[in-house]
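Peer 1: Sequence order for the protein chains is A and B.
Mind the numbering: the first sequence is residues 1 to 225 in the numbering used here, read in order.
Mind the numbering: the second sequence is residues 1001 to 1811 in the numbering used here, read in order.
No lab work stands behind these hints, which were simulated from the structure alone.
Here the structure is a predicted model, which is why all the values come from computation and not from measurement.
For each residue, glycine too, the CB sits at the ideal point set by N, CA and C.
Careful, some of the hints might be misleading.
If you only want the chain B side, here are some residues facing chain A, beta carbon under 8 Å, derived [claimed, not checked]:
1) 1718
2) 1721
3) 1724
4) 1725
5) 1726
6) 1727
7) 1728
8) 1731
9) 1734
10) 1803
11) 1804
12) 1805
13) 1808
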Amino acid sequence: MTAPLIKLNHIERSYPLGKQQFTYVLRDINLEIEEGDFVSVMGPSGAGKSTLLHLLGMHDFGWTGEFFLDETPVHRLKPKERTTLRNEQVGFVFQNYNLLDDLTVYENLDIPLSYRRYSKSERTALVADTLDRFSIVGKKDLYPRQLSGGQQQLVSIARAVIAKPKLILADEPTGNLHSGQAEEIMQLFKKLNTEGTTIIQVTHSETNAAHGNRVIQLRDGWIIK
Amino acid sequence: MNALLQDIRFALRMLWKTPGFAAIAILSLALGIGANTAVFSVVNALLLKTLPYHDPNRIVLAWGVSPSEGIDRGQVSATDVADWNARNHVFAAVSTYASFRPIIAGNGEPERIAGAQVGDGFFEVMQGKPLLGRVFNAEEQQEGKDFVAVLGYGLWQRRFAGDPSVVGKTLMLSARPYTIVGVMPADFQSLPAGLLDAPAEFYRPVAEPPNEKERASRHLRAIARLKPGVTLTRAQSEMSLISRQLEQEHPTTNTGGGVHLVTLAGDLVSPVRPALLLLFGAVAFLLLIACANVGNLLLARSVARQREVAIRAALGAGRGRLVRQFLTESLLLAFAGGMLGLLGAVWATSLIEAAGTRFLPLLGAIQLDARVLVFTFAVSTLTGILFGCAPALRASRAELNTTLNDGGRTPNAGSTRSNLRSALVVGEVALAMVLLIAAGLLIKSVVRLQAVDPGFKSAGLVTMNVWLPQAKYPNERAWNNFYDRMISRLGAVPGIDQIGLTSVLPVSDNFDKRTIEAEGQPRRAGEFPSVDNYIITPDYPRTMSIPLLRGRSLTTEDKAAAPLAVLVSETTARKFWPGEDAVGKRLRFYNSGPIEQRPWRTVVGVLGDVKQYGLDTPGTMALYVPLPQMPTSAMTLVVHSRIDPESMVATVRREILALDNEQAVFNVATMEQWLADSTSVRRFTMFLLGLFAGLAFLLAAIGIYGVLAQTVAQRTHEIGIRMALGAQRGDVLRLIVRQGMTLTGMGVIAGLFGAFALTRFIASLLFHVSAGDPTTFAVISLLLIIAAFLACYFPARRAARLEPLVALTNR
Ligand SMILES: Nc1ncnc2c1ncn2[C@@H]1O[C@H](COP(=O)(O)OP(=O)(O)O)[C@@H](O)[C@H]1O
Ligand SMILES: [Mg+2]
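Working from the sequences, and respecting the hints, build out all of it.
Peer 2: This is the structure we're talking about:
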């Protein structure tokens, strides 16, 4: 059997509350996710879902425990190595899209490439490719505020996959969208998943979760299922 | 009124809530306003305030000019002035004056005091009425009847304890009795140093009646009072006419000579006017930079206050009301800055005064008078409106809906605001750049100037004037005798290794110009070859380390009865005998007595050139005559010692008093001090401009830092997104630094253009540096860029150190 893409052992995350006091947000998380999985993380607000996702996306280093990504021990990496690993492996999709207001669609797509080792011509080709693949060529010169929410999330997902990550992390990607738009996004994820990308999404919707092959339930920082 | 009070109360509370902001803003403004107030009070004292004389704008100085000799502020003869007096229709009175520095004895220690010899009509020109007794009458302007004195109020108080019956008493000046005929009141001001050696404490008559033989004896200075309604131009054209008449009537003495009239005020401030205007420009720039800085801080703060403004607007505050609220705050800041600046200015002007009185004789009059206070108040108000305007208008325009609905976040208003802030930073950098370049050019000038070889070596030299009073030392024998004994006595003092005497000391403001002719080179009409004449002892050139280039130096064998010998300067040798050896050639003075009594003098050696008139002037034609062959009783002693010259002063003074216990030496100074004094206006301007430029530099750096720090705060979320999308720390660092450096680059370019356009105006203050000096421009650009980089680096590093999660969740 091949090693899982993600392996978490005894992960804990706490925030200081005040003097000598801590609040635990994640407690003794043990988890394995195989390459090619489409996982939905569910649970009530405040359960620690976003915290878990940011941890997996290596946006946060304030945890304890062991975290292997593609057999690399993340807990032993220096910050710079973690960034490099993240750049190679992970794409992130936010609930509020987080497109940069002052950049066009084209320029937003180009950001991840500009931070990786791509030549100018590769970047042009990749952006053109991606615009095509997501059918947003016509929107390339528009600014985010000129797009609908669904379109913005589409761009945001395009931006997350443009650098060809193995893993996509999406924190409530459809939280701000109506059900029609949400369905489109889920179809897109499904398609990316069948093409081989591992997907972990946070969602409150059973319908959305149904597109995946696995559900993880969080309650007060504990995995209960 | 009530509303205004309420505004003020609220403004105070807002400032109190952010003490760090208030402190930085007030300090920046205090710097800007303080520097302006200090420079303005100097400008006020020198350029704006009327001089402390009666109706001073009508007092004019009449300088002798001779373009062919390069004389533009020359002296005049009593005989010429008598003709002016008889022929002119423009002056209410015209008179003469000259420094007179006798030793006063009796009623206390002997001391060398400063006085003036004044011609007939001097007190009419000055409109001085005596407090006691009278001023001189015409009769006392005749030789033999001139031993009368008018006391200044200060001397009367100091040496006569204000004795009301002093008129008619006798005063001993250089061992001669003078009858005191009058006392001037306390508000009668002497002519300042610069026109006299030092402000006069008493007066005596010139006593030189017109005499055709003395027409060329130009050793007096002329001063006149214009008739009411007569303009300077009209007076000048009449005096030019009279000069031309005199030229025709007396071609041997007056050819090529003329008169240049200048108002007293114009004459006194003209040497410093360019420097003052430069400094005034500099502080104006500094204030603009301070305004930009504070404006920027306020703009940054107004972001945080959008919600407050929106709520106020929603509650019905009109736009005017909102603007007023913001302006109240900025005016409050400006006035606080103004008060603090005024305190700083009081302190700064006392420094300027202390440093500057030597070359700015009128500086004693610096005061923080009503005009200065009004200026400070006006500047503060303007400043407050200037930097308060942008934030006030911006805040009042904030869109209600977006602001309220968005929990204080305004997605699109941000970019225009930051455009304005960026523009302010670019402007700041450009202004600082111009100031720094001007300061750099001035510094380079002073460095170049100080590298100039004056023609002598100043190290180890102490100088002092030793003038022998006529009554005690009546003849040449007595003078030579005293000077010989003084030299041998000083020679025995341990530490002293060279002793020289000279009638004129280089770079000392003193000079002795004489017209000469060389044998076989008849003078062409209108040409007055003039030389600087030095009467010296044989050891003087060695004491000063003036190199002997050819021939021999003077020796003790060059006695009165020996063949007449002179040394000439290199320039003299080159001018008169180009390509030939000057040694052995002969020359004579042109204007001393009948032609048959003007003996030829043989050049025995050539000395290196000396910068008589300052380091920034060329070497002059000079002549060195041995003391016994041209005896004089007013010499300057130059002593070279191996030990610290300052510590030598007391010893020398003691040794001279041991020879003559009434001999008061004066003008005691090291040669280094004379040299330093000769460049003091330049160094002083450089110092002040350097200081202002340094402050501007600091403020600009703070400005860049402030904007970027604010940017980092505003862009934190964006930085988080970029990190989530793969940005490394280096990428983030570059992102922020690039923003700061783009602004800096634009500022530097604008500043370079500004400097190119403006530095031409200070060309007259520069020395051996062109106004567009590429090195200075390059070095200053680099300096600013490095400083800006540091100012960018720290906020950028803070941004780069953000944890992506923290940045992402920052809203
Ligand atoms: N920076 C922080 N400091 C303190 N507590 C935090 C911080 N970030 C998140 N939390 C807490 O951690 C818990 C889990 O948050 P989160 O992972 O965002 O929940 P979810 O996404 O499941 O709604 C919440 O109770 C939240 O208040
Ligand atoms: Mg969440």
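Peer 1: Should the hint that residue 1724 of chain B touches chain A count as held when the rule is a Cβ pair under 8 Å?
Peer 2: holds (5 Å)
Peer 1: How about residue 1727 of chain B: closest beta carbon in chain A under 8 Å, or not?
Peer 2: Holds, because the Cβ-Cβ distance from residue 1727 of chain B to chain A comes to roughly 5 Å (cut-off 8 Å).
Peer 1: Hey, does the residue 1731 of chain B contact hint survive, CB to chain A under 8 Å?
Peer 2: OK, holds: residue 1731 of chain B within 8 Å of chain A, min 6 Å.
Peer 1: Please check whether residue 1726 of chain B passes as an interface residue: C-beta within 8 Å of a C-beta belonging to chain A.
Peer 2: With a minimum Cβ separation of about 4 Å from chain A (threshold 8 Å), the hint on residue 1726 of chain B holds.
Peer 1: Taking the least C-beta to C-beta distance, is residue 1725 of chain B closer than 8 Å to chain A?
Peer 2: holds (5 Å)
Peer 1: Tell me if the interface restraint on residue 1804 of chain B is satisfied: Cβ within less than 8 Å of some Cβ in chain A.
Peer 2: Nearest chain A Cβ about 4 Å off; hint holds.
Peer 1: Restraint: residue 1718 of chain B near chain A, CB-CB cut 8 Å. Satisfied or not?
Peer 2: With a minimum Cβ separation of about 6 Å from chain A (threshold 8 Å), the hint on residue 1718 of chain B holds.
Peer 1: Given residue 1803 of chain B as an interface hint, is the shortest Cβ-Cβ distance to chain A below 8 Å?
Peer 2: holds (7 Å)
Peer 1: Per the CB criterion, is residue 1805 of chain B less than 8 Å away from chain A?
Peer 2: holds (4 Å)
Peer 1: How about residue 1808 of chain B: closest beta carbon in chain A under 8 Å, or not?
Peer 2: For residue 1808 of chain B, the interface hint holds, since the closest Cβ of chain A sits about 6 Å away, which is under 8 Å.
Peer 1: Let's test the interface hint: is any C-beta of chain A closer than 8 Å to that of residue 1734 of chain B?
Peer 2: With Cβ-Cβ at 11 Å, over 8 Å, it is violated.
Peer 1: Holds or violated: is the Cβ of residue 1728 of chain B closer than 8 Å to a Cβ in chain A?
Peer 2: Hint holds; residue 1728 of chain B Cβ to chain A Cβ min 5 Å, cut 8 Å.
Hint compliance for this structure: hint 9 is the single one not met.
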